[in-house]
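Colleague: Spelled out from the first residue to the last, the chains are:
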Amino acid sequence: MKIFSTDHKTIAKQYLSLGLFWAIVGGLLTHLMRWQLAYPDTEVPGWGFIAPDFYNMVVTMHGTIMVFFVAMPILLAAFGNFLIPLMIGAQDMAFPRLNRLSFWVFALASAVLLASFFVPGGAASAGWTGYPPLSAKAEYTGVNWGLNLWLLALALEFVSFLMGGINFLTTTINLRAPGMTFFRLPLIVWMQITAAVLFMLSVGPLIAGAVMLLMDRVVGTTFYLPEGGGQPLLWQHLFWFFGHPEVYVILLPGLGIVLEIMPVFSRKPIFGYRPIIYSTIAAGMLSFIVWAHHQFLSGMDPRLAMPFSITTIVISVPFALIVFAMIATLWRASISFPTPMLFAIGTLSIFIIGGLTGIFNGSAPVDIYIHDTYFVVAHFHYTLFSATFFAGFAGLYYWFPKMFGHMMNEILGKIHFWLTFIFFNAVFIPMHFVGLGGMMRRIANPMQYDFLQPLQPINVFITVAAIFLLLSQIPFVINFLWSLFRGRVAERNPRQANTLEWTALSPPLHDNFERVPVVYRSPYEYSSPESPEDWLPQDQPPAVAQS
Amino acid sequence: MTSDAHRPNYFVVWLWLVGLVFISIGASVFLSKGAAILLIFLVALVKAVLVLLNYMHLKFERPLLYALVIVPLLIVAVLVFALFPDFVFHH
Amino acid sequence: MSRSESLTMTGIPTGKVGMWWFLASEIPVFGGLIASYVVVRLGSGGWSDASSHLNFSLALANTFVLLTSSLTMVLAFAAVEDRKPKRLQLNLLLTLLLGLTFLMIKGFEYAGEIGHGFTPGAGIFWSFYYGMTGLHALHVLGGIVVNLILLVAALRGTLKPNEHRVELAGLYWHFVDIVWIFLFPLLYLA
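Going line by line, the protein sequences match chains A, B and C.
Be aware that the first sequence starts at 1, since it is given in this note's numbering, and climbs by one per residue.
Be aware that the second sequence starts at 1, since it is given in this note's numbering, and climbs by one per residue.
Be aware that the third sequence starts at 1, since it is given in this note's numbering, and climbs by one per residue.
Just so you know, the hints here were simulated from the structure itself, not pulled from any lab data.
We treat Cβ as the ideally placed atom computed from N, Cα and C, and that holds for glycine.
Heads up, none of these hints are tricks.
Listing some non-contacts, in silico: residues in chain A with all C-beta distances to chain C over 10 Å: (1) K13; (2) S17; (3) W35; (4) I65; (5) L114; (6) Y278; (7) I281; (8) M306; (9) I313; (10) S336; (11) V377; (12) R441; (13) V489; (14) F513; (15) R521; (16) A543.
Cut-off 16 Å, straight-line C-alpha distance, at most; resulting in silico cross-link-like pairs (EDC-like, lysine to aspartate or glutamate): (17) C/K16 / C/E163; (18) C/K160 / C/D82; (19) A/K137 / A/E227; (20) C/K86 / C/E163; (21) C/K16 / B/E61; (22) B/K33 / C/D49.
Same shape as in the complex, but just chain A (with noise of 0.2 Å):
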């Protein structure tokens, strides 16, 4: 495997393995944040003492890396840059060299990120949101060169995936196979090329925000420090405009994975194909308009608080058509329940979990009382956890096939999967109840507030599950690792699917096909009368007609 390789392949396996170790480096800082909070100002087992400046570091780091070095990375660089030119029947993308470009500038990044943990006062300490004044001078925080290469690294990471959008773009548009038309596309490839919309569009204003950020705290310009006639609140709006969008840039390929898998084991097509994709586009189109309501309480005018509340609640809509779809599909089909199966259910019922509780987050004057608290991060942990962890680790085990040509062991998939399921629900769901009791976020030290002691059982509860939950990753990386090596070797199609991923070989040829396809049909004629089977490959020629 070349080093640096223009194959789309080889790039999403590139990209796969930085997101994979990120995700290492996120889930221990977890591991510092919880004990810190569970047994406050104690000794973090294999660490020391955590001190509240870097505590508040350690979280920073923890939402960065979790939002911008795994789930961007995974969900869309590796899973969009192996599966759409394999999916729509093309040899590569359509700018091989840009797509190398983009892995190795993100690769930049990650250095950039790392390299700020060690500099003189320590990485960005700011949140991961980052808001002025605290992070527009160095004094606020006591950190300087660390938050300067923080925006350094999302400045860069930005670059890398506007990079990336435009292949993603440009290839589904102009190298479709002969007879893939738009809407014969899987439904993953619509979720990936939303989310690289969602994410060209709505990343140029924090780009602009983030240059005006990056020259408050370098150049001495004033945009956001009152003390010069800047607002503080420019950056919030600047921020979350972007920031909304790029909770569904993340969701999106998360419910493609989850929408490709659930036919294939259902035996049984997709149930609503084209409403899909129209509230797909839909949600996208609204997420424009929702972002304020991260900013409720932010001092910004009351006024706003009832359209954007009304918003909100409306693209809930969208979301709930997707989840009835998924279970329309599965409604009185031929299920079974190898591991990809059981974490794409999984993800469904964790994120409508996680879509019930973000009504309550979505009304301004619920919002008023749980803003700010544990509430929210359970929330936010429902969503995004379903849609990075559980999709991802459904789109591993379903394509680690195709990516590496071996098979994953079952028994280890389905161990790692109700360890998953079962410690996830064990952190996540107590929290919401810290929330509602008052418990701040970001604060490092419960104990410090009478009214939270009596919730301090809950904390200790949750940092024991998170603990577990960590270590429930273990068989999953032991199986990846060991059935790179030595899995059963995978022949084209193990599961018999239609989408044209499977008609090549495990793994692919460099330029993909041996022959350039032609499309027939949708990617999701399952226990079709036309067949013989319970599939019917996207590729196969039709029977000739009766005359």
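Dock chains B and C against chain A, hints included.
Modeller: Okay, now just chains B and C, sitting in the frame of chain A:
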């Protein structure tokens, strides 16, 4: 690719652009503040459209490319509107 | 024939689709910065006395410089279509020189302003001024680098007869011109 029949007269477009710059300056000198600002921004819009349609050949392109210009502009417009309460009708 | 030249399901050349997506993503970058400037300025009483310290004539000169460079850039593209290598080289060179002239004039402007004490920290107007023109200038610099690469290829004769890259570089260059079309009145005329 633009054939001769499809090629704008680039020089004439340039003359228009230059002329419009002078109109903007004239507006800022001779008109009242409010009227000047309105005219100047309209002129800027016209200049941008001239460059888009002629130099960037958008006149001869498919609708998809028009969408790539219009949709981001709408998004920026949403941002501007939403920022009005907090920054223009302020504290 | 390269892959991106041969395949196109929509009939639009692949490189052009890619470049327009790139420009579509750049619109919200400058749009965000300009939107912030507009609302903060509208809410703060005008900043006219600050902006009166700007060097109007230099900026006007720069406006003509950039407009003319757009002309020479599109003439370079026309030269590719007409298969006139000498005309292509001349117009690329002129575009390059005009771009460098823009940066030089801008630099001279900055030097003057800083010399008078109008540094980036001198007030919120100046923060926006340096932010907007600085980001724009960086984009001009990027365009100059691309045009230089194309000029060198044109001089060496390594540009293909149906070379797409000049058109694509032109699209970027015109975009940078359009941003200045808005920045000039926003900063110097309002």
